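**Q** The residues making up each chain are set out below.
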Amino acid sequence: MIVGDNKPLEEIAASLSGYRKVMILGCGSCVTVCLSGGDREARQLALELTRGHLFHGSPPIFETGTILRQCERDLVAIHQDLPAATEAILSLACGCGVQTLGDVFEPLPVIPALNTTFYGAANEAGVWREMCQGCGDCVLSHTGGICPVARCAKSLFNGPCGGSQNGSCEIYADVPCAWALIYYRLKKQNKLHLLHTVRQPRDWRPAGGAGPRIRRRTGVGGGAGKIKM
Amino acid sequence: MAYFRVNDKCNGCLSCVQNCPATALSYEDREKQRSLRHNLALCARCGQCWRVCPQEAIEFQYFLQGPWEEVATLDLVRCNVCGEPLYTADFKQTVADRGRAEIEPFCPRHRQEIDQLGKAHYYPGRSKDERY
Numbered sequence: 001m002i003v004g005d006n007k008p009l010e011e012i013a014a015s016l017s018g019y020r021k022v023m024i025l026g027c028g029s030c031v032t033v034c035l036s037g038g039d040r041e042a043r044q045l046a047l048e049l050t051r052g053h054l055f056h057g058s059p060p061i062f063e064t065g066t067i068l069r070q071c072e073r074d075l076v077a078i079h080q081d082l083p084a085a086t087e088a089i090l091s092l093a094c095g096c097g098v099q100t101l102g103d104v105f106e107p108l109p110v111i112p113a114l115n116t117t118f119y120g121a122a123n124e125a126g127v128w129r130e131m132c133q134g135c136g137d138c139v140l141s142h143t144g145g146i147c148p149v150a151r152c153a154k155s156l157f158n159g160p161c162g163g164s165q166n167g168s169c170e171i172y173a174d175v176p177c178a179w180a181l182i183y184y185r186l187k188k189q190n191k192l193h194l195l196h197t198v199r200q201p202r203d204w205r206p207a208g209g210a211g212p213r214i215r216r217r218t219g220v221g222g223g224a225g226k227i228k229m
Numbered sequence: 001m002a003y004f005r006v007n008d009k010c011n012g013c014l015s016c017v018q019n020c021p022a023t024a025l026s027y028e029d030r031e032k033q034r035s036l037r038h039n040l041a042l043c044a045r046c047g048q049c050w051r052v053c054p055q056e057a058i059e060f061q062y063f064l065q066g067p068w069e070e071v072a073t074l075d076l077v078r079c080n081v082c083g084e085p086l087y088t089a090d091f092k093q094t095v096a097d098r099g100r101a102e103i104e105p106f107c108p109r110h111r112q113e114i115d116q117l118g119k120a121h122y123y124p125g126r127s128k129d130e131r132y
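So the sequences go chain by chain: A and B. So that you can map any letter, position 210 of the first sequence is 210 in this note's numbering, and since no number is skipped, the others follow by simple counting. So that you can map any letter, position 3 of the second sequence is 3 in this note's numbering, and since no number is skipped, the others follow by simple counting.
If you're looking for bench data, these hints aren't it; they were derived computationally from the structure. There's no promise every hint is true.
[Stated by the list, open to error] Below, in silico cross-link-like pairs of lysine to any residue (SDA-like), each with a Cα-Cα straight-line distance of 25 angstroms or less: (1) A/LYS7 - B/GLN18; (2) A/LYS154 - A/LEU181; (3) A/LYS21 - A/ALA77; (4) B/LYS9 - A/ALA125; (5) B/LYS9 - A/GLU124; (6) A/LYS154 - A/GLY219; (7) A/LYS7 - B/ASN19; (8) A/LYS187 - A/PRO148; (9) A/LYS7 - A/GLY57; (10) A/LYS21 - B/THR23; (11) B/LYS92 - A/VAL220; (12) A/LYS187 - A/CYS132; (13) A/LYS188 - A/GLY209; (14) A/LYS7 - B/THR23; (15) B/LYS9 - A/GLY126; (16) B/LYS119 - B/ARG98; (17) B/LYS9 - B/LEU64; (18) A/LYS154 - A/SER141; (19) A/LYS7 - A/GLY102; (20) B/LYS119 - B/ALA89; (21) A/LYS187 - A/GLY209; (22) B/LYS9 - B/ARG34; (23) A/LYS188 - A/VAL220; (24) A/LYS21 - A/MET1; (25) B/LYS92 - A/GLY219; (26) A/LYS154 - A/TYR183; (27) A/LYS154 - A/GLY134.
Keep in mind the model is a prediction, meaning the values are calculated, not measured.
Turn these sequences into a full structure, and let the hints steer you where they fit.
**A** Structure representation (structure tokens):
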């Protein structure tokens with residue numbers, strides 16, 4: 001899922017300076033699950049912004065709400081109402097949600113309350129680790145299911161580098177070396193021969209090097225939710 | 001049948017309510033009883049309640065393999081020949097309302113056979129392949 005981290009309260013308050021009424025909008029999907037941008041966090045943020053001495057003068061009036069997914073334009077446009085006299089939206093979604101709200105409610109300013117950080121997985125309660133960078137050309141089939149793009153600090157395709165020490169990355173001792181993980185995983189799978197395969201240099205255009213990526217599927221839409229972009 | 005089920009190990013500690021990130025769990029104290037409540041529309045199905053429950057009282061597996069629920073029942077139109085289900089009567093009406101020709105209810109196989117018979121009738125003497 002997409003993982004986000006809350007911005008510092010001071011930074012959020014500075015972004016809201018001058019607004020009298022602000023809608024704090026949580027997102028009910030990824031950021032709810034990673035405990036950074038759901039309904040609970042929206043309410044908590046409203047409390048913290050109101051209680052703290054973060055504003056010169058009175059803080060804005062905050063209203064809170066949450067919508068299932070902020071990243072779907074028709075869903076937001078049809079199902080999300082804003083209270084009267086709202087002057088800005090503080091979004092607890094990832095960057096996709098923030099920008100979608102900005103399109104739907106233009107010219108209302110939409111301010112991010114999170115830093116969108118990575119695509120991660122939870123392998124223990126409350127801890128999400130980066131697993132994927134959405135590079136557009138997945139290599140997991142020949143790296144034992146361990147991503148060198150996201151999990152090697154240097155995104156090496158021919159690791160490990162000289163900084164690999166006893167299975168750990170030189171960045172931090174508690175960060176496992178992705179290429180050590182790959183080696184031992186392939187060894188367990190009796191597929192070490194995959195490491196001997198010489199591969200073509202990577203084409204990074206699918207990773208976004210050729211501009212914003214778009215995925216199209218035809219034959220979708222036409223019902224109540226159809227909104228022209 | 002409820003998707004969110006709690007077994008009899010639940011002691012009402014409210015750990016799940018306090019930790020639900022989607023505020024999909026709440027409780028109500030009435031007279032001598034405490035009720036745990038769940039809102040499926042708010043639930044993100046993240047499993048946080050199941051993870052944190054000290055009593056292992058959340059039966060999360062029902063969320064992963066819930067039953068099918070009937071949400072609409074409509075009259076069906078079947079093939080006039082073999083009875084194969086084709087579409088609903090309402091769908092047939094929608095198509096008719098949009099100005100298209102009335103659909104005769106035949107399955108693809110019997111529609112093709114009827115077309116063949118019709119063409120054989122109107123174009124006698126042609127081979128089967130020439131008719132199409």
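**Q** Each hint needs a verdict: does it hold in this structure or not?
**A** Status of each hint after checking the structure:
For the hint linking A/LYS7 to B/GLN18, the alpha-carbon distance of about 23 angstroms falls within 25 angstroms, and the restraint holds. With a C-alpha separation of about 15 angstroms, the suggested pairing of A/LYS154 with A/LEU181 holds against the 25 angstroms cut-off. Restraint check for A/LYS21 and A/ALA77: the C-alpha separation of about 20 angstroms stays at or below 25 angstroms, so the hint holds. Pair hint B/LYS9 plus A/ALA125 holds up; C-alpha atoms about 21 angstroms apart against a cutoff of 25 angstroms.
Annotation: proposed proximity of B/LYS9 to A/GLU124 holds, straight-line Cα distance about 23 angstroms (limit 25 angstroms). For the given pair, A/LYS154 sits about 41 angstroms from A/GLY219 by alpha-carbon distance, which is inconsistent with the 25 angstroms threshold. Among the hinted pairs, A/LYS7 with B/ASN19 is consistent with the structure: their alpha-carbon atoms are about 21 angstroms apart, no more than 25 angstroms. Using a Cα cut-off of 25 angstroms, the hinted pair A/LYS187 and A/PRO148 holds, with the two alpha carbons roughly 16 angstroms apart.
Proximity of A/LYS7 to A/GLY57 is assessed by CA-CA distance (about 22 angstroms); at most 25 angstroms being required, the pair is judged to hold. Simply put, A/LYS21 and B/THR23 have alpha-carbon atoms about 24 angstroms apart, close enough for the 25 angstroms limit, and the pair holds. The straight-line distance between the Cα atoms of B/LYS92 and A/VAL220 is roughly 21 angstroms, inside the 25 angstroms bound, and the hint therefore holds. Annotation: proposed proximity of A/LYS187 to A/CYS132 holds, straight-line Cα distance about 22 angstroms (limit 25 angstroms).
Restraint check for A/LYS188 and A/GLY209: the C-alpha separation of about 35 angstroms exceeds 25 angstroms, so the hint is violated. The straight-line distance between the Cα atoms of A/LYS7 and B/THR23 is roughly 22 angstroms, inside the 25 angstroms bound, and the hint therefore holds. Simply put, B/LYS9 and A/GLY126 have alpha-carbon atoms about 24 angstroms apart, close enough for the 25 angstroms limit, and the pair holds. Pair hint B/LYS119 plus B/ARG98 does not hold up; C-alpha atoms about 28 angstroms apart against a cutoff of 25 angstroms.
Pair hint B/LYS9 plus B/LEU64 holds up; C-alpha atoms about 21 angstroms apart against a cutoff of 25 angstroms. Restraint check for A/LYS154 and A/SER141: the C-alpha separation of about 20 angstroms stays at or below 25 angstroms, so the hint holds. This hinted pair checks out: A/LYS7 and A/GLY102 have alpha carbons roughly 19 angstroms apart, not beyond 25 angstroms. Distance restraint check for B/LYS119 and B/ALA89: the Cα-Cα separation of roughly 29 angstroms exceeds the 25 angstroms cut-off, and the hinted pair is therefore not satisfied.
At most 25 angstroms may separate the alpha-carbon atoms for a hinted pair to count; A/LYS187 and A/GLY209 exceed this at roughly 33 angstroms. As the CA atoms of B/LYS9 and B/ARG34 are separated by approximately 15 angstroms, the hinted pair is consistent with the 25 angstroms bound. Between the alpha carbons of A/LYS188 and A/VAL220 the distance comes to roughly 43 angstroms, so the proposed pair goes past 25 angstroms and is violated. Between A/LYS21 and A/MET1 the alpha-carbon distance is near 31 angstroms, which puts this suggested pair outside the 25 angstroms criterion.
Using a Cα cut-off of 25 angstroms, the hinted pair B/LYS92 and A/GLY219 holds, with the two alpha carbons roughly 20 angstroms apart. A C-alpha spacing of about 17 angstroms is found between A/LYS154 and A/TYR183, which places the hinted pair at or below 25 angstroms, so the restraint holds. Of the supplied pair hints, the one linking A/LYS154 and A/GLY134 holds, its CA atoms being roughly 16 angstroms apart against a limit of 25 angstroms.
Hints 6, 13, 16, 20, 21, 23 and 24 from the list above are not met by this structure, while the remaining hints are.
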